[in-house]
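Peer 1: Sequence:
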Amino acid sequence: EPGTRSPQDPGTNHQAEKSWKSWWGNRLLRIGLPIMVFFPLMSLTLPWIFKYGRTEEFLFFYSNEGQPFHLWFLWHLIIFVILTVLFRFHYLIGAKVFRSLDKIGMGFIGNACRKSRHALSGVLFRSRFPIGFIIACWVVNFSTGGELILNFGASLLYFVFGYSLYRNSSLFMFLKAQWRYYFLAGIVGFTLFMIVTLAMSSNVPADIYDDDIVATIETEKEIKLLWLSQYALKIACGVLFSYAFIGLAEKRFSSYNVKFRFISDGAYWMYLIHLPIVTFITFFMFNFHMPIEIKFLIAIVMTSIICLGTYKYFVRSTPIGILLNGRRYPFKMTEL
Numbered sequence: 001e002p003g004t005r006s007p008q009d010p011g012t013n014h015q016a017e018k019s020w021k022s023w024w025g026n027r028l029l030r031i032g033l034p035i036m037v038f039f040p041l042m043s044l045t046l047p048w049i050f051k052y053g054r055t056e057e058f059l060f061f062y063s064n065e066g067q068p069f070h071l072w073f074l075w076h077l078i079i080f081v082i083l084t085v086l087f088r089f090h091y092l093i094g095a096k097v098f099r100s101l102d103k104i105g106m107g108f109i110g111n112a113c114r115k116s117r118h119a120l121s122g123v124l125f126r127s128r129f130p131i132g133f134i135i136a137c138w139v140v141n142f143s144t145g146g147e148l149i150l151n152f153g154a155s156l157l158y159f160v161f162g163y164s165l166y167r168n169s170s171l172f173m174f175l176k177a178q179w180r181y182y183f184l185a186g187i188v189g190f191t192l193f194m195i196v197t198l199a200m201s202s203n204v205p206a207d208i209y210d211d212d213i214v215a216t217i218e219t220e221k222e223i224k225l226l227w228l229s230q231y232a233l234k235i236a237c238g239v240l241f242s243y244a245f246i247g248l249a250e251k252r253f254s255s256y257n258v259k260f261r262f263i264s265d266g267a268y269w270m271y272l273i274h275l276p277i278v279t280f281i282t283f284f285m286f287n288f289h290m291p292i293e294i295k296f297l298i299a300i301v302m303t304s305i306i307c308l309g310t311y312k313y314f315v316r317s318t319p320i321g322i323l324l325n326g327r328r329y330p331f332k333m334t335e336l
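In my numbering, the protein residues as written are 1 to 336.
Treat the hints loosely; a few may be bogus.
What the hints assert, rightly or not - Lysine-lysine pairs mimicking DSS-like chemistry, simulated, CA-CA at most 25 Å apart:
hint, residue 1, residue 2
1, K312, K259
2, K234, K221
3, K96, K115
4, K96, K21
5, K115, K103
6, K51, K221
7, K96, K176
8, K224, K234
9, K251, K176
10, K176, K234
These are computed hints drawn from the structure, not numbers from a lab.
Work out the full structure: start from the sequences and follow the hints.
Peer 2: Listed below in structure tokens is the structure:
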């Protein structure tokens with residue numbers, strides 16, 4: 001756990017508990033408060049923007065329909081924080097039980113449990129070849145086809161991997177050194193994914209009420225098999241690219257850079273406010289006669305400029321910036 005010291009240190013339990021309480025308070029402040037502020041703001045902006053996209057009519061109104069929109073990620077995170085409180089409580093109870101077993105000469109039970117936990121963690125989260133983690137993701141994600149919004153268990157699995165990686169310096173350094181191989185494997189998987197996707201589109205029957213029942217059944221079997229292949233490749237690519245980009249970021253962007261730090265600090269703010277901006281810009285360009293690729297670039301560039309501009313002039317050097325990123329720099333910024 002955060003802040004733990006040697007078991008022989010009499011201050012270990014106190015320091016660990018203090019560290020956990022600090023972490024819980026930090027997460028509730030950095031995640032819970034933005035949810036409370038931006039949840040109603042999304043209800044005040046996105047519903048009428050979506051209506052404008054459908055009807056081209058400006059009609060301001062408040063609605064919770066469609067919530068939590070992109071804030072689902074924060075809702076998942078706050079649930080994880082609450083779960084850590086419960087798990088911490090059970091962990092402390094379990095530790096007392098194991099100590100009691102040690103006193104009566106049955107410490108082998110605790111040792112067996114710890115070894116089993118380490119073995120499972122090693123297979124799922126600590127291996128340099130993430131086969132176990134990919135298989136676990138296949139199983140947990142299957143009910144929603146890989147979509148995370150309604151799949152709390154899948155998000156939790158990725159959260160546990162991130163926590164495990166934070167404590168696993170050997171794997172972290174390996175990703176940093178060998179990120180190219182994960183990226184190459186991801187490219188191969190993505191190529192296969194696109195091939196399977198094209199095969200699926202070509203196998204969809206033009207008439208689902210075809211009189212040739214046998215042929216239709218065979219087509220359905222092929223589509224199901226292709227879907228399973230597509231699903232498996234999608235999950236595998238997601239894991240491989242995640243490993244690759246974690247290693248790439250640590251390899252190329254670990255040293256301090258003013259511009260990268262500015263973008264990094266502004267990422268949370270951009271995440272919170274980007275959706276109303278990018279949707280409105282996109283819908284506003286519906287009647288513009290230009291290639292869709294150009295519209296896409298315009299929407300991305302304008303959204304980035306607005307998000308980073310508002311962050312620089314209205315957020316970064318204010319209490320809002322401290323809330324989102326912490327006091328990592330002097331309160332009065334001069335770098336950017």
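Peer 1: Taking the hints in turn, state whether each one holds.
Peer 2: Hint check results:
Restraint check for K312 and K259: satisfied, since their Cα atoms lie roughly 12 Å apart, inside the 25 Å limit. Restraint check for K234 and K221: the C-alpha separation of about 20 Å stays at or below 25 Å, so the hint holds. Pair hint K96 plus K115 holds up; C-alpha atoms about 18 Å apart against a cutoff of 25 Å. Proposed proximity of K96 and K21 is supported: the alpha carbons are some 20 Å apart, at most 25 Å.
Restraint check: the Cα-Cα separation between K115 and K103 comes to about 19 Å, which is no more than 25 Å; the hinted pair holds. Between K51 and K221, the direct Cα distance comes to roughly 39 Å. Violation of the 25 Å bound is thereby established for this hinted pair. With a C-alpha separation of about 38 Å, the suggested pairing of K96 with K176 is violated against the 25 Å cut-off. A distance of roughly 15 Å separates the Cα atoms of K224 and K234; the hinted pair therefore holds under the 25 Å criterion.
A threshold of 25 Å between alpha carbons decides the hint, and for K251 with K176 the separation of about 5 Å falls inside it, so the pair holds. Between the alpha carbons of K176 and K234 the distance comes to roughly 23 Å, so the proposed pair stays at or under 25 Å and holds.
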